[in-house]
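Build out the structure end to end from the sequences listed, making use of the hints.
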Amino acid sequence: MIAIIDYEGGNLTSVLRAVQHLGFEGEITRDPDAIDRAERLIFPGVGAAGASMDVLNRTNLTDLVKEQVVIQKKPFLAICIGIQILFDHSEEDDADCLGLLSGQVKRFPSSELKIPQIGWNQVYQVRPHPVFQGVPDGSDFYFVNSYYSIPDDSSVVIGETDYGIRFTSAVAKDNLIATQFHLEKSGPVGLRMLKNFCEWSI
Amino acid sequence: MLTKRIIPCLDVRAGKVTKGVEFKNNIDIGDPVAMAKKYYEDGAEEIVFYDITASSDERDIMIDVVSRTAKEIFIPYSVGGGLRTFDDLRRVLLAGAEKVSVNSSAVLNPDIIAEGAKAFGSQCVVLSMDVKQVNPTENIPSGYEIYINGGRKAMGIDAIEWAKRGEELGAGELVVNSIDADGTQDGFELNLTRRMAESVGVPVIASGGGGAPEHLYDVFTEGKADAAIVASMIHFGAYTIAEIKHYLHERGVPVRKTFSS
Numbered sequence: 731m732i733a734i735i736d737y738e739g740g741n742l743t744s745v746l747r748a749v750q751h752l753g754f755e756g757e758i759t760r761d762p763d764a765i766d767r768a769e770r771l772i773f774p775g776v777g778a779a780g781a782s783m784d785v786l787n788r789t790n791l792t793d794l795v796k797e798q799v800v801i802q803k804k805p806f807l808a809i810c811i812g813i814q815i816l817f818d819h820s821e822e823d824d825a826d827c828l829g830l831l832s833g834q835v836k837r838f839p840s841s842e843l844k845i846p847q848i849g850w851n852q853v854y855q856v857r858p859h860p861v862f863q864g865v866p867d868g869s870d871f872y873f874v875n876s877y878y879s880i881p882d883d884s885s886v887v888i889g890e891t892d893y894g895i896r897f898t899s900a901v902a903k904d905n906l907i908a909t910q911f912h913l914e915k916s917g918p919v920g921l922r923m924l925k926n927f928c929e930w931s932i
Numbered sequence: 106m107l108t109k110r111i112i113p114c115l116d117v118r119a120g121k122v123t124k125g126v127e128f129k130n131n132i133d134i135g136d137p138v139a140m141a142k143k144y145y146e147d148g149a150e151e152i153v154f155y156d157i158t159a160s161s162d163e164r165d166i167m168i169d170v171v172s173r174t175a176k177e178i179f180i181p182y183s184v185g186g187g188l189r190t191f192d193d194l195r196r197v198l199l200a201g202a203e204k205v206s207v208n209s210s211a212v213l214n215p216d217i218i219a220e221g222a223k224a225f226g227s228q229c230v231v232l233s234m235d236v237k238q239v240n241p242t243e244n245i246p247s248g249y250e251i252y253i254n255g256g257r258k259a260m261g262i263d264a265i266e267w268a269k270r271g272e273e274l275g276a277g278e279l280v281v282n283s284i285d286a287d288g289t290q291d292g293f294e295l296n297l298t299r300r301m302a303e304s305v306g307v308p309v310i311a312s313g314g315g316g317a318p319e320h321l322y323d324v325f326t327e328g329k330a331d332a333a334i335v336a337s338m339i340h341f342g343a344y345t346i347a348e349i350k351h352y353l354h355e356r357g358v359p360v361r362k363t364f365s366s
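From first to last, the protein sequence lines are chains A and B. Per my numbering, the very first residue in the first sequence carries number 731; after that it's consecutive. Per my numbering, the very first residue in the second sequence carries number 106; after that it's consecutive.
Be a bit skeptical, because a hint or two may be false.
[Said to hold, decoys possible] Quick list of in silico lysine-lysine cross-link-like pairs, PhoX-like style, CA-CA up to 25 Å: (1) A/Lys844 <-> B/Lys142; (2) A/Lys903 <-> A/Lys836; (3) B/Lys223 <-> A/Lys844.
Simulated from the structure, these hints should not be mistaken for lab results.
In structure tokens, the structure reads:
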């Protein structure tokens, strides 16, 4: 079973529907036993860094998530706000985050481009990874974001995207994968990446 | 680079897609979930369902449509029409829609924009507006006036001012529907669309008048739109979304590449 971790992070239903459409069993949950039983975890979300961290701390999910990722080493996929709160700190709400990856999250610099970025943009695969299997380089994915991640260790970056600047749009390290774009809303290429994650053996 | 979005609009009444001309004379043309799926497979970037039903029973039918759609398509889709209260917005989002769009209800009660944005995030709240060209006056300096109730009632509000206000209140995108162009298939209202796009910092979605691929080219270039809504030109088989995107791509407009699954 794949646990979709419920931290009040927006449209969880669409992630569940996508997982089910691909033929996998999923469950939206914040129950520690259910999360512990799951083979793999998805950490989705839409929202703000501060509010998301507040919910994780209030519901005691912070330590549980870290334990599942670091000690149990389960395959873990973070999406959208999920990628941002994996890092040490976000400029949004001046929030201290999970620190599973070292680095910062910053707002897009002011320019004539609209913030948030809303729409389909290209993801360039800067490092090979099993999650990209069958996904053409430069495929378009659906983004909604005002902030972006800046990892300290550039070797974790697997995908990059241009929006005024070139920014990190996908990272991977050991059992962890994270994307700024919404796999569940990115049509066939998004579903393919989600399927690759669901079948990924580390 | 962000690509331009093509967004089919499905007007839904009592669980069936209908299409009217100049907001009148509606005829039934199909099942909303099946049509959404077809457009998804053909390369649409997003789908809009516009609920034109009146009764609350029929509104429950719409929630069922939204929830069935969540199992079939994996791109964003939004629902508009008749959403008046915070609870209306919440029900639609929980059923699986990515975004809600408010129109007349927001003109009458602008707080609904702020409440929705605060609870669900600006990216969920689309402000849709029906606009008609009028003689410029002191109250309506742009010469574009806001109408409500399906284009029947003039509100004496300047459309450009209303767009800016909507953005301040937290709307994440604007749909600008020209009543003059709607249903004509003679092309989008380019001047209105460009003025909106130059007045706000959120994406502008052009609506009303799209009848041929060159109309989309015009609205994405001269009109400066981020996205455009299409209806009749694809519903009755004159063009496919794939054909429209191919036309735009050939002329240098950035569009999403679609691959078969």
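Is B/Lys223 close enough to A/Lys844, meaning Cα to Cα at most 25 Å? Holds, because 20 Å separates the two Cα atoms, which is no more than 25 Å.
Please work out if A/Lys903 and A/Lys836 have their alpha carbons no farther apart than 25 Å. holds, 21 Å
Check whether the Cα positions of A/Lys844 and B/Lys142 lie no farther apart than 25 Å. Answer violated: A/Lys844 to B/Lys142 is near 30 Å, above 25 Å.
The structure fails hint 1 only (numbered hints given earlier).
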